[in-house]
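Fit chain B to the known structure of chain A by using the hints.
Spelled out, the chains give:
Number of protein chains: 2
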Amino acid sequence: MQKTGIASLGKFNLIKRLTDTIECTQPSTLKGPGDDAAVLHHEQTETILSTKLFLEGIHFDLTYTPLKHLGYKTVIAGISDIYAMNATPRQILLSTGLSKRFFVEDIDELYDGVKTACVRYNLDLVGSDVAPSMTGLAISITTTGEAPKEKIVYRSGGKKTDLLCLTGNLGAAYMGLQLLKREKQLFEGQPDKQPQLEGFEYILQRYLKPEARKDIIDTMAAINLIPTAMINLSDGLASDALHLCRQSQCGLRIYLERLPIASETFSIADEMHLDAVTAALNGGDDYELLFTAPISSYDILRREMQNIDIIGHLCDPAEGAFLVTPDNQAIELRAQGWK
Amino acid sequence: MQKTGIASLGKFNLIKRLTDTIECTQPSTLKGPGDDAAVLHHEQTETILSTKLFLEGIHFDLTYTPLKHLGYKTVIAGISDIYAMNATPRQILLSTGLSKRFFVEDIDELYDGVKTACVRYNLDLVGSDVAPSMTGLAISITTTGEAPKEKIVYRSGGKKTDLLCLTGNLGAAYMGLQLLKREKQLFEGQPDKQPQLEGFEYILQRYLKPEARKDIIDTMAAINLIPTAMINLSDGLASDALHLCRQSQCGLRIYLERLPIASETFSIADEMHLDAVTAALNGGDDYELLFTAPISSYDILRREMQNIDIIGHLCDPAEGAFLVTPDNQAIELRAQGWK
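In order, the protein sequences belong to chains A and B. Sequence positions in the first sequence follow the numbering used here and run 1296 to 1634. Sequence positions in the second sequence follow the numbering used here and run 1296 to 1634.
Chain A with its partners taken away, still in its complex shape (with noise of 0.2 Å):
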């Protein structure tokens, strides 16, 4: 198929062929694309606002990502945040800066990904921008949501006796990055070589495709759950649980045998020779929620959320923030660096 030079169609008409088919559905949304800004109406409700970066060769390698999956990951990204404010996502606004060698059809795939993700999540897309780039693909998505006062949780309300409490499972998407990599390599060795990604799609599609936790939202709804403090697991269990701590003014403790891994991690893992634990601690894009709540709560986390591990507790800041092996050794909880 002949594809279309962006120059050819120019901005304008872009912007319109990406958001000409969108229908805004939600209540709040009172003007969606296609002015100077979007207007939105929140009532009895807090907005609540975030906003990430995405660059290619930082964020994404664009020769194992499908532009689909990106325009998908990158809405999932964006929400997750919103979930873990405890409120509910309703519009997004994307930026994107694309250089010359992306043609119409390309971007047409990265909206794809993230129409899917819009109809998914039930989000209006209500402002989309393109502009060139001298580099790579860069995004930038601003994500909304709204919430009653009462119910939003923030990362420094956790108290020093509270549980905390792990989604999900950890470091699949690492090892699935891990994999793809080790792919490009292989190929780039011996093109005529077919990948082996068989035996994995779950921890490709824990990197690739990853859902953000809207279920567990709504579960804290329906059980009248609210957490003290919640954090969406972005950057990797060691540093997001670190800032949960810090903010809450308190310390804390991880139980390693406590950390949910997933067979899939593992036995890539040990393939690779690579340490499934610290892919859990500090592999990054789980976009899970790690969240705390008070003891007196164990037994309705334990009888209705039973797809949450508690993986340790928080306690005195003098303490410390440690990880606690089986054989009792405390190994201290450090942030990441700059990539």
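To be clear, the hints were calculated from the coordinates, so they are not data collected in a lab. Among the clues, some could well be false.
Capping the alpha-carbon separation at 20 Å, the derived lysine to any residue pairs in SDA-like fashion look like this [what the hints assert, rightly or not]: (1) Lys1311/A <-> Thr1324/B; (2) Lys1446/B <-> Glu1338/A; (3) Lys1444/A <-> Glu1338/B; (4) Lys1306/B <-> Lys1479/A; (5) Lys1479/A <-> Met1429/B; (6) Lys1395/A <-> Ile1605/B; (7) Lys1446/B <-> Thr1324/A; (8) Lys1306/A <-> Ile1353/B; (9) Lys1444/A <-> Gln1321/B; (10) Lys1444/A <-> Leu1325/B; (11) Lys1395/A <-> Gln1542/A; (12) Lys1444/A <-> Gly1329/B; (13) Lys1395/A <-> Asp1356/B; (14) Lys1444/A <-> Leu1537/B; (15) Lys1395/A <-> Thr1430/B; (16) Lys1306/B <-> Gln1542/A; (17) Lys1454/B <-> Gly1329/A; (18) Lys1395/B <-> Asp1356/A; (19) Lys1363/B <-> Asp1401/B; (20) Lys1311/B <-> Thr1316/A; (21) Lys1306/A <-> Asp1580/B.
Leaving out everything else, chain B in the frame of chain A:
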């Protein structure tokens, strides 16, 4: 002075350094930087939301753009969209991608400019993210504002006989940029030569450190004038006027002799053998406001807003969108392409 590497400080300490001294003062800011998302409370007003992406090599050239000015200008570009909705800007969120050649002190400078603009325009910086970049500097800004529903002005409200009004003058920023480009070229040929910028302070300021038209929005509020349609002039008068008249389902006449062009813009255009009118029509980066008002508001516009120009009028869509020269030639307006 020895500069500090970003890796030695780390991502979270860098964000802390950039945002720690920031005090959020807007009553509508419930939660500023430091959580998964910001929380805003816009009572009995609508939330206005805009996002923009600025990429090195496309939107700015750091050989002649001081980082402090760039930070300032980024904020101006963001809030201009909010003013163009006849709303009051309140909060901004900033994400930056930083390549290896940037040091902590460079980002401090960028943020100095951002903070200066926040003080000048009474804005809260409620979110900051930094990430590495493989290439140049990337800056994404999200801007919020608020306005009562009945005061919001869209691009689509213009009527067939409305006056077309413009703030400030056109093409100055574009000619400022041409001057900077010329001096950069000369400098690259003869590095011992000092750039000749004296006498062109006005056009340089318009390019490097523009202001947003808060004064115009304030005046409109004071005299109780609500434009029928309005747009932020960022892509050039021709493109933006076309947006406004198409979205208002009208045609358009702009009279060439009515276009306000500063004398400095004329004289540098002359010196560089460029056409000042082309700069005025297609230059972009003006950050002026183009708006429409009913003929019946002619008197109040002349009396109370002497700093605006009535450059034309809307008309029946069948009459098309034309620039009319003094000798009555009609030149069809065209939007600019993908640069």
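Structure-based check of all given hints:
1. Taking the CA atoms of Lys1311/A and Thr1324/B, the gap is about 33 Å. The hint is violated against a cut of 20 Å.
2. A hinted pair counts as satisfied when its Cα atoms are at most 20 Å apart, and Lys1446/B with Glu1338/A qualifies at roughly 18 Å.
3. Proposed proximity of Lys1444/A and Glu1338/B is supported: the alpha carbons are some 13 Å apart, at most 20 Å.
4. Straight-line distance between C-alpha atoms of Lys1306/B and Lys1479/A comes to about 28 Å, which puts the hinted pair past the 20 Å bound.
5. A distance of roughly 19 Å separates the Cα atoms of Lys1479/A and Met1429/B; the hinted pair therefore holds under the 20 Å criterion.
6. Simply put, Lys1395/A and Ile1605/B have alpha-carbon atoms about 40 Å apart, too far for the 20 Å limit, and the pair is violated.
7. Simply put, Lys1446/B and Thr1324/A have alpha-carbon atoms about 17 Å apart, close enough for the 20 Å limit, and the pair holds.
8. Taken as a hint, the Lys1306/A and Ile1353/B pair is honoured in the structure, with Cα atoms around 14 Å apart against an allowance of 20 Å.
9. With a C-alpha separation of about 17 Å, the suggested pairing of Lys1444/A with Gln1321/B holds against the 20 Å cut-off.
10. Note on Lys1444/A and Leu1325/B: the hinted pairing holds, with a Cα-Cα distance of about 9 Å set against a maximum of 20 Å.
11. Taken as a hint, the Lys1395/A and Gln1542/A pair is broken in the structure, with Cα atoms around 44 Å apart against an allowance of 20 Å.
12. Between Lys1444/A and Gly1329/B, the direct Cα distance comes to roughly 18 Å. Compliance with the 20 Å bound is thereby established for this hinted pair.
13. Our distance criterion of 20 Å between C-alpha atoms is met by Lys1395/A and Asp1356/B, whose separation comes to about 19 Å.
14. Restraint check for Lys1444/A and Leu1537/B: not satisfied, since their Cα atoms lie roughly 42 Å apart, outside the 20 Å limit.
15. Using a Cα cut-off of 20 Å, the hinted pair Lys1395/A and Thr1430/B holds, with the two alpha carbons roughly 15 Å apart.
16. Proposed proximity of Lys1306/B and Gln1542/A is supported: the alpha carbons are some 16 Å apart, at most 20 Å.
17. Distance check on the hinted pair: Lys1454/B and Gly1329/A sit about 18 Å apart at the alpha-carbon level, within 20 Å; holds.
18. Note on Lys1395/B and Asp1356/A: the hinted pairing holds, with a Cα-Cα distance of about 19 Å set against a maximum of 20 Å.
19. For the hint linking Lys1363/B to Asp1401/B, the alpha-carbon distance of about 9 Å falls within 20 Å, and the restraint holds.
20. Of the supplied pair hints, the one linking Lys1311/B and Thr1316/A is violated, its CA atoms being roughly 41 Å apart against a limit of 20 Å.
21. A threshold of 20 Å between alpha carbons decides the hint, and for Lys1306/A with Asp1580/B the separation of about 16 Å falls inside it, so the pair holds.
Checked against the numbered hints above, the structure violates hints 1, 4, 6, 11, 14, 20; every other hint is satisfied.
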